[in-house]
Each structure stands twice: as structure tokens, then as C-alpha cells.
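Visitor: Taken in order, these protein sequences are the chains called A and P. The numbering of the first sequence is the working numbering, which starts it at 1 and goes up by one. The numbering of the second sequence is the working numbering, which starts it at 1 and goes up by one.
Calculated directly from the structure, the hints in this document are not laboratory data. Fair warning: there could be bad hints in the mix.
[As the list claims (entries may be wrong)] A partial selection of chain A residues facing chain P, derived with a Cβ cut-off under 7 Å:
no., residue
1, VAL80
2, THR83
3, ASP87
4, THR106
5, GLN259
6, GLY274
7, GLU275
8, PRO297
9, LEU405
[What the hints assert, rightly or not] Below, computed lysine to any residue pairings styled on SDA-like, alpha-carbon distance capped at 25 Å:
no., chain 1, residue 1, chain 2, residue 2
10, A, LYS294, P, ALA318
11, A, LYS237, A, GLY257
12, A, LYS380, A, PRO178
13, A, LYS96, P, VAL244
14, A, LYS96, A, THR83
15, A, LYS398, P, ALA35
16, A, LYS228, P, ASP241
17, A, LYS294, A, GLN377
18, A, LYS96, P, ALA22
19, A, LYS294, P, GLU125
20, A, LYS228, A, ALA240
21, P, LYS465, P, ASP165
22, A, LYS294, P, VAL325
23, A, LYS323, P, LEU420
24, A, LYS121, A, PRO155
25, A, LYS96, P, LEU408
26, A, LYS398, P, ASN245
Quick reminder that beta carbons are idealized off the backbone N, C-alpha and C, glycines included.
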Amino acid sequence: MTTFSLSRRELLLAAGTATSAAAVPSWAQPATPTWTGIEKAARGQTVYFNAWAGSETTNAYLQWVAAEVQAAYGIKLEHVKITDTADVVKRVRAEKTAGRQAGEGTVDLVWINGENFAAMKHDRLLLAPWAEALPNFQYVDTMGKPTTLNDFSVPTDGQESPWGMAQFTLFADSKRLPQPPQSMAELLALARRQPGRISYPRLPDFTGTTFVKQALLEHVADVSVLAKPPVTGDFAKVTAPLWQFLDALHPHLWRGGKQFPQSPAAIRQMMADGELLLALTFNPNEPANEIAAKRLPATVVSWQFAQGTIGNTHFVTIPYNAKAAAGAQVVANFLLSAKAQARKADIQHWGDPTVLDLAKLPAAERALFPSQPLPGQVAKPAPTLPEPHAAWVEPVEKEWTQRYL
Amino acid sequence: MTAFRLPFATALLLLAGLPLLATAALALAALLDAAAWRALWEDPHWLRALSLTLWTGLASTALAWWVSAALLAQGFVRQSLGPLLRGLPVMLATPHAALAIGLVFLLAPSGWLLRALSPWLTGFEFPPPWPTTQDPWGLGLIAALTAKEIPFLLWTAATQLQRDDLRQRWRSEHALAQTLGYSPQRAFWRVVWPQLSARLWWPLLAVLAYGLTVVDMALVIGPASPPTLAVLAWQWLQDADLAVNAQGAAAGGVLTLTLLGTALLWRGLQRLHRRGGQRLNGRRGAASTPAGAQPPVGLPASHLLLVGLYGAVLLALAVGSIAGVWPFPRVWPETLTWQAWHRVWDSRSTVGTTLGLALASAALALAWSVAWLELAPRRWDTALRPVLYLSLVLPAVLWVVGLYSLALQWRLEGQWLGLLLAHTAMVLPYVLLALSPAYLGFDARYAQLSASLGHGPWHFLWRIKWPLLRRALAASAAVGFAVSVAQYLPTLYIGAGRFSSVTTEAVNLAAGGQRSLTSAYAGLQFVLPVLAFALAAWLGAPRRFKPAHP
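Same shape as in the complex, but just chain A (with noise of 0.2 Å):
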């Protein structure tokens, strides 16, 4: 009975969220229209989302968003498990080629962002603009995270709607590691001081190459040639000092910096029996999720460099051939609302930072929050240091795999 009223309540409170979103101001009432014309047409589609599936917050997640759509929006909500994005930009690429048109493909969304997005916008993959006239888009912080208008240095321009926000973070036992390194030098002198006890994922798992965009921005001579793809014949010259330090730390990590383990998971396994010092995750709030989920110890705490860490936003977006483009479209507006957002930022189901601007939002929606940082959380946030342009990732990951695979 209880579970009952609770739906109920969630229920009415969805409803809520529909019809303020409904009363939107002024310069928004244009796209009021369309966008119930836009639910309408949603209701009794299948939306099949291609989401990276590695982990099993994140599919129970899905699963809830799934069962909340169906529920408000009459939409059926598919969870297409995938390990690697760029297999989908492949898919989509191949049904282009075979001539399929619009509404003839088999991915209706598609959780994306970095050089994935850039290839689908630069190769015309993408669904025309319409991330921005999303109701629940005017609470969304693009101020205060303008990455969730710029991926990876590239314009968004409405193709992709913001979904959470990654800052590169690292977490390790303090009873074994009381002393966290703070930068990346600090982190060659504790390989030194430990040899075998560090690695990173093998490029090009995402985390593995956020930490050496992240080795790259702490030696890189001038950061601002970061922000623009690279000048040719600049790279090597830019990235001298990279590799330089790479060579220096690949000895003294695990299997001599010879092998790498497949994904960041992995190290957290490893971490968590003890094979390996520390551990990387993308998700500040991981180490906190895993505290809760009893896989890891409490004694666990997670921490940023002193000067900052990368980060940015992941998003959601629709190919040109979506089949249900509309009910994909409602299910991002859904995924941009308070209550999605919410649960999403609670390490009880996922753990990922918001895209919202808190302040934007009515009292009542704000209150779905937590406020009080939980053991494993990042007691003290540093700055987010921006991307390099996604131009960058390619070559870096080619370079890196040719030196050290």
C-alpha cells in the first residue's frame, strides 16, 4: 500500500513537472506547441537507447527512467546494452550507407559525448537542432558548466541534450594511502617509492585517455593551444613533454607499464583486493557508490588534484533516421527534469553529478537534492579544468598505442 501512494505521489508530482514545464516563460512559448504535439506523437513509441551498459547502477538507472516513461509518457523505453559508443556511430554510419532514410534506423538515442558526437555532427549522423527547446532545458546550468554547450571544444548547437556532468577523480584506502598524491608528479614519485602498485586503462577506454589528457594539461608549455584542434606539425612538439613523462612513470607501474587493464572497473577491482594502489573513475561520486553498495571498504576516500582535473558533460542524443524521434525527445526532456536528476545525483541509485543549475529550480524540486557530502564523496571539489579539443584525443590515442602497446 505504501509502495502504492509513493508511485502515486511520483505520479502526480511527474504531472506537476509536465504542467509547469507547460507554463514556461515567454520566450519559450513558441516551442509550447510543437512540444505537446511532440508528446502526443511520443506516446506508444518504442525508444531504443544505446547506452554504454559497464555498469550496474547505471542499467538500474535505465531501468527506472524506463518504467517512469512508460507511466507518464506512454512510451516503451529499451535499454540497448553496449560497450563501446563508437560501435553505434558505426551502426548509424552503415545504415547511411545502405540508404536508409529518416525514420528507418534502429537507434533512437544514444548516450554520447567527445569525439563520438563530433564524428556524428561532422559526418551529418544527428537529428536537425532541438536539444534547446526542450522545456526542462532553461534550468539547466550553462553557465556555470558551460561544457554542457561546448563538447570536447565542440558546439552542442542543439544536437545533444546535457544529461550528467564527469570530473576526473581518484580514490584509494587511506589506510594504505594516507597521503594522496595531488598532481601528477606526485604521482611518478609515489610509482617510484612503490613500483607495480599503479596503473591506468588501456587507451582508448575513456578513462585511460582522460588520464593522459590530464598528464598532458599539467606539461603542456601553454594550455591555450589545447582549446584548438592541433596545428600540423605542431603535435609533437606540443606533446614532447608528455611522452617524456609518460616514459618516466610506464616502468614503475603495474606489469612494468608493459599491460593495462581494459577499463577503470577493472582497477577498482584491483583495488579493492589489493593488487593495486589507487584507483581512477570519471564519476567523482563512484567511490561513494561503491562505500554504499558494500564493495568496497569505508575507509575509502576519493580526491581531485589540488590544481583541478578534467572534466566535462556527458549528453544524450538522436540520429537523423531515428525511428521514434519524438518519444526520444521526451525521454530526454525527462532525463533534464528535477526528479530524474535527483535520483541520478543520489549515490543510493547512480551518483552523477547534475547538469541543473539548483538555483534555477522551484523550492520544492531543489529539495529533491541531497546537501551533506556521504563518506567516499570529494570533501574538498577542485577546479574543473576544461578538455582539450577533441581534434587532440585522436592523435594522443594513436601516438600512445603505437609507443606503448
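Dock chain P against chain A, hints included.
Guide: Then chain P, alone, in the frame of chain A:
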């Protein structure tokens, strides 16, 4: 019935032959890309990856072959084939990936083996920095492949030894050789083994092909930098860049050539060896037992080791699936949690997909195989076999390229039907391989007897032949079920990622490293086929006649 025989056989031929040929043709067509071959040639890793492939594939095949031969020899001589085969269904049903995942949990630096020995013996407070999983020499992969292929070879040999005609002939020949003074062991090697091993050529080729081209197992336990060529090819096929995809297909082509080359080489060596072996030198060998005494009964140590290994793997998966915080060197987890199983329960559609696909593809393959063996002239059968075994012999990485192109053309990609057909194509050769010895060895005199009693062909099939072959039919269906459950590449590729099976989940999670959920899925992957084999054993059990007066 005789009148329909050939038209029906033709229909069956087209039904299976055409799609298989089309798949093979499309897969091979992907190889006609000169730029891709050039790119492959210039890749810095492919040669080392190829040498790893050769080493792991050949070493595991040779090991599995020798151990199986030795076990069979002892089983045959000691007349203990029954006990030897008893644990077999469970081992046979274990999917490759599940075994690899379990082995990793045993052998890893933080695995059970070292936990059990630490710190009292080893002095380790933390897992040692030893490369015991994903070792650069491929030893873990060789161990896993060998452990997995021995049961398969034993079982295919058993299907031969269980044929009434062969068993009786070989037993009497073996006895005859002993009356000529050969020791039981030597009599087996001289008389039975040459005949048996010749009949194991196709299973052996399947083992070799699997060893050289396996992806899922190599992803879990194989070397990582560089990986084997099959894994490299799979990584390239998954790349977003079409040119790199073509390079992956070319690597699949290299694997095909490698397989062809090694198979021919193996065949040649075998022939050479046999020619040498045929030259009997008159040595009889020492009688291993005093004349008149019974040969020793019991199981060889290597068999016990194998059984123990499978048991430990299963236990590791079971404990791993409920482990919470579990720091080294504790032997038992600090906290236990059912969370992983809750998650499995939440996504039970995955189990449903796996079951549905496995049941449907095994049923289709069995129906086709029975119809084919019943209707097709023997000459057709012999001619079609190579085509049917294409999916066994072509590297899976290349085979899925063909399957995917075909699915794209038929607009079946991402559809359940497409996935079912892909699974059936993979399952069919195994079912046929499993069924044909017993089916073709069926005593033809039963048919004559039945006809002479005035019964029609349907009566004969339903009342006599199929009931008598119940065991082989049920076992073949179980093999098909297990093969379908274990499919990784076709499920991922043809299913367009929309369908997840327990195998795709287990392998994907193994890459993610989360122990509990990985164990849960790998455990399921283990349990489902085992249940199928148990069901088959129950269905296939011979009728028991109770004595009227106890």
C-alpha cells in the same frame, strides 16, 4: 514416402546450404580489399599476434588431443569408459567464457589459489605483481582451452565408442590382438586408436579452429598486448573506421589461411606417424597385469584433476557472485551480498532471450538434422558435410562478417528472427556432428524387420527408430542448446546489441572487472546448459524393466 524422398532432401539442401554458402561468400568477399591487406601488413602488431595465435591454438589442441587419447586408452583398457564419461556432460556444457572467467578467479594474483596460500606460506600481505592472468605468453589461455576441449574430444570419441557396430568390432579386435600376445595398452594403440582417431578428424579440426580463432575466451584470459590475432581482428571489426573494419576482415582471412595450413600440416604429420606406426615390429609389450588377473579399475589422475578443476571453477563463480568487500589475502569474503543476483533478476529478459534462442535454434537444428539424415542419400550427405562444417572451420570473426552482411541484405539485423537464424547456423553443424554417428550407425535390420511385420515407415520411425535413438537425439539437442548459449560474436553482431544473452553479459562484465555480477552471469552461463544436459540424460535414460517379483 520414397517418392518424396529426393524432393524433400533437395529442399533441405537448399534450406541449409544456400544461406551458409551465401554467408561464406559474403565473408570471403570482404577479403577482396587490397588496401585492407596493405594496412594489415603495415600494422606493427599483427605478426606477433599471429605467432601468439599459432602458439596458443596449436599447443592447446595438441595437449587436449594427447590427454584425451591417453584417457581413452586407459578407459578402454580398464573397461571404465562409463565412469570416465559420467562427469562429461557438465564439463561439456560449460561455456568457454564461463570457464575462462572462473579460471581467472582462481589463478589471478588476488585469486583463490594465492589467497589460500597467503600469508602463511607465501608471506604476501598484498597480491604479488605476477602476471598470472592475461599472461603475455598465453599460458592461461592454453590451460583454459585445453581444459575445455578435452571433454569435447572425449565425448565425440564416446559417441563413436557407443555405436553398437563399432564397439563390438573394436572389442573383438582388441581381444584378438591380445590373444596374439599384445599387452592391452599396446593392443589399443595398434588396433583401436588408428581407427578411432581417423573418425575424430572433424572434431579435431573443430578444436583446432576454435583454439586458433577464439575471441571470448581470449578476451577474458588471453594475452592483452598484443592479444591473439582473433581478438585483434575483433577489435578492428568494432572500430568506428570502415577502413579498420576491412583490416579486421583481412585478419580474419589470415586466420582462415592459418587454420588451413595448420590443418594440412597436422593431417600430414598424422599420416606420417600412422605409416610409421603401421610397421609392426613384433614387440608385444610387457603384459601390464599377470595373466588372468583383471586390469585395475579406477579413474586416471588426469581425469580427477580435470573434474577438480571444473568443480573449483564452479565454486569460485558461486562464491564470487555473492562476495562484497573481499580484500586479499582473506579466503572468504568479509561481506556477502545478494545484490548481483538481484540485478540478474531485474534483467531476467536476458535469461529469457538466452533460453528462447537456445531452445528454438536447437529444435530447428535437430529437426533439420533428423530430416536430412533420414532422407538424404549418403552421397549427398558426404558432399554437403564440408559446407555444413564451414561455420566450424571459418574463424568466427570472419563468419560474423558474412552473417552480418546477409542479415543487412535481408533486413534481419537487430531482429529476433535474424538472431535465431544466425544461432541456428552456428548450432547446426554441432548437432549434426553429435547425431550422425548414432543415427547412421542404426542397425538397418530393424527397418527390414519392421517392414516384414507389415508396419509403414512412419510407424517404424515413431515406434522403433526414434525411441531407440532417444539418447542420441536428446544429447544432440542438448549440445545445440549449449552451443547457442555460449555464442558471443553472433549474438552481439547480428543482434545489433539489442539482445543481450547471459554470455554477452558475462564477457562484457568480465572486461569491466566487477566480480560479483560477472560471476553471477558466468554462473548462469554454466547452469543453463548443465540443466539442458541433465534433462537430456533423463529423457535419454534407457527404459528399466522392473522384475515382476522382487
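Visitor: Which of the numbered hints above does this structure break?
Guide: none
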